[in-house]
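Student: One-letter residues, chain by chain:
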Amino acid sequence: MLIKKPADIAASEITPQEIYLERRRFMQGLGAIGLSSLVSPAQAGYGGQVLDFNKPAQYQIKDELTPYQSVSTYNNFYEFSLDKYGPAKLAHTLKPRPWKVTVDGECARGGQYDIDDLIPASLEERIYRFRCVEGWSMVIPWVGFPLSELIKRFEPGSKAKYVMFETLYDPEQMPNQKGRVLDWPYVEGLRMDEAMNPLTLMAVGLYGEVLPNQNGAPMRLVVPWKYGFKSIKSIARIHFSETRPVSTWTKANPREYGFYSNVNPEIDHPRWSQKRERRIGEYSRRETLMFNGYSQEVAHLYKGMDLEKNY
Amino acid sequence: MPVIVKIKAVAFLLLSLPLLSLIYRFFGGGLGVDPIETLLDETGQWALRILLLTLLMTPLRRFIRRAWPIQLRRMLGLYSFFYAVMHFIIFVALDKAFYWDEIIGDILERPYIMFGFSALLMLTPLAITSTNNWIRRLGRNWSRLHRLVYVIAAFTLIHFILLVKVDLTEPLIYSFIFVILMFLRWGKVKS
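Chain order of the listed sequences is G and A. Counting in this note's numbering, the first sequence runs from 6 upward without gaps. Counting in this note's numbering, the second sequence runs from 522 upward without gaps.
By construction, these hints were calculated from the structure, which means they are not laboratory data. Worth double-checking, as some hints may not be accurate.
So the derived list for chain A, only partly shown, Cβ under 8 Å to chain G, looks like this [stated by the list, open to error]:
hint : residue
1    : L535
2    : G553
3    : D562
4    : E563
Taking CB as the label site, the calculated pair distances span [claimed, not checked]:
hint : chain 1 : residue 1 : chain 2 : residue 2 : range
5    : G       : K94       : A       : V531      : 31 to 37 Å
6    : G       : D122      : A       : A618      : 47 to 53 Å
7    : A       : S542      : G       : P72       : 21 to 27 Å
What you are looking at is a predicted structure, and each value in this text was computed from that prediction instead of being measured. Every residue gets a Cβ at the ideal spot worked out from N, C-alpha and C, and that includes glycine.
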């Protein structure tokens with residue numbers, strides 16, 4: 006029995022990877038010599054493959070967008086570099102295609118999927134606030150689809166209380182995985198109701214184009230009410246389990262990084278305050294909002310929970 | 522012109538370069554995606570580097586048997602103090618936007634900031650008493666007071682170690698250099 010609907014996009018229309026990369030290099034070259042306006046509007050922009058998407062009104066917030074330059078050159082992606090400017094320079098070794106995602110655990114439709122079978126034809130643009138645990142934040146126009154849509158297709162069973170995600174493990178593509186600064190592959194997880202929340206997004210693009218490698222190509226999670234390290238990048242495995250997965254950062258430092266890691270100005274990081282954040286592009290600090298300003302959508306998930314214990 | 526004047530002039534210019542670079546890049550948009558973070562990081566690192574340079578002067582003097590390292594030492598110490606003060610001003614004015622209750626809260630509640638602030642506090646009397654007048658006035662007590670520099674260096678290193686998220690490489694390299702400098706100093710005393 007087929008899992009997916011017949012593709013809306015004919016296989017012949019999907020840009021082969023070499024051409025997609027070549028086009029990006031070409032566009033970057035044009036951009037560098039100031040000629041990007043000579044190309045048609047559909048191809049102008051940031052040099053990546055342009056995506057087709059809707060713009061649901063409730064996700065088009067008024068906050069000022071963080072410039073593409075900042076979003077794509079300031080990345081915590083330790084698989085490539087411990088320096089935030091490193092991944093943009095080094096992530097070219099990652100090959101987003103061909104890409105397989107392994108789905109296993111408590112579900113009926115597990116297996117090894119080609120990623121293009123998982124990405125639906127209809128995508129949406131959602132502008133989300135993004136808050137790093139370090140104390141800086143951005144506003145990013147992601148392009149993607151709700152995680153809940155994807156999860157439903159795998160038919161998780163009643164024992165599936167948690168969803169766990171893994172980043173690709175391939176030191177050839179991600180050279181810093183040769184070292185042991187973190188326990189590779191990178192692991193993150195959500196409670197099932199957090200994963201099924203309408204806000205939880207699987208992103209495949211940003212600023213209207215395919216995700217740059219350093220932002221977690223080809224597919225990454227975006228959980229906007231949690232600290233950024235929960236938004237795992239370059240997903241290669243999705244696993245449903247009864248027991249709570251242990252996040253990589255929790256393993257690295259359990260006192261500082263908990264499973265929930267909800268954005269919460271009342272609960273300080275052991276070493277620094279979380280009351281304020283610096284919005285990239287601004288010079289002063291702004292107040293951090295409870296659940297990063299998404300209380301209306303997610304506060305009910307934590308009703309009755311002691312958030313200080315469940316940090 | 523005596524050699525020492527030339528040495529001091531060159532050193533003065535060289536040590537001003539990090540500051541000039543920061544000012545230049547501040548106005549040219551070259552401080553990266555999070556300029557305040559870059560400013561804090563670089564002023565802090567230069568304060569530490571120059572402090573370690575200061576601690577190199579006594580072993581250097583013994584090694585090359587010349588006087589100029591000691592004659593240069595005051596300028597190094599004051600430059601380190603200068604970058605440390607810049608580091609603190611950027612923290613108070615830009616990072617914390619003069620929210621004094623938060624600043625005081627941070628100093629009292631965050632160990633890494635307590636260590637950094639204490640180092641700066643201790644460095645202040647050393648800067649004030651750096652003049653010839655004070656050296657004369659304090660006599661033997663001047664050396665005693667200025668031995669605080671070892672505590673200041675240790676506190677600065679602890680400040681750095683406590684603030685990194687997971688990669689201890691940089692603070693450990695500086696700590697290693699500090700240990701070598703201390704060894705160069707005390708190792709010789711025995712002979």
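Student: Look at each hint and say if it fits the structure.
Tutor: Status of the hints after comparison with the structure:
1. L535: violated, 26 Å
2. G553: holds, 7 Å
3. D562: violated, 11 Å
4. E563: violated, 14 Å
5. G:K94 x A:V531: 31 to 37 Å: Roughly 35 Å apart at Cβ, these two residues keep to the hinted range, so it holds.
6. G:D122 x A:A618: 47 to 53 Å: Holds, at about 50 Å.
7. A:S542 x G:P72: 21 to 27 Å: Holds, at about 24 Å.
Going through the hint list in order, the structure does not satisfy hints 1, 3, 4.
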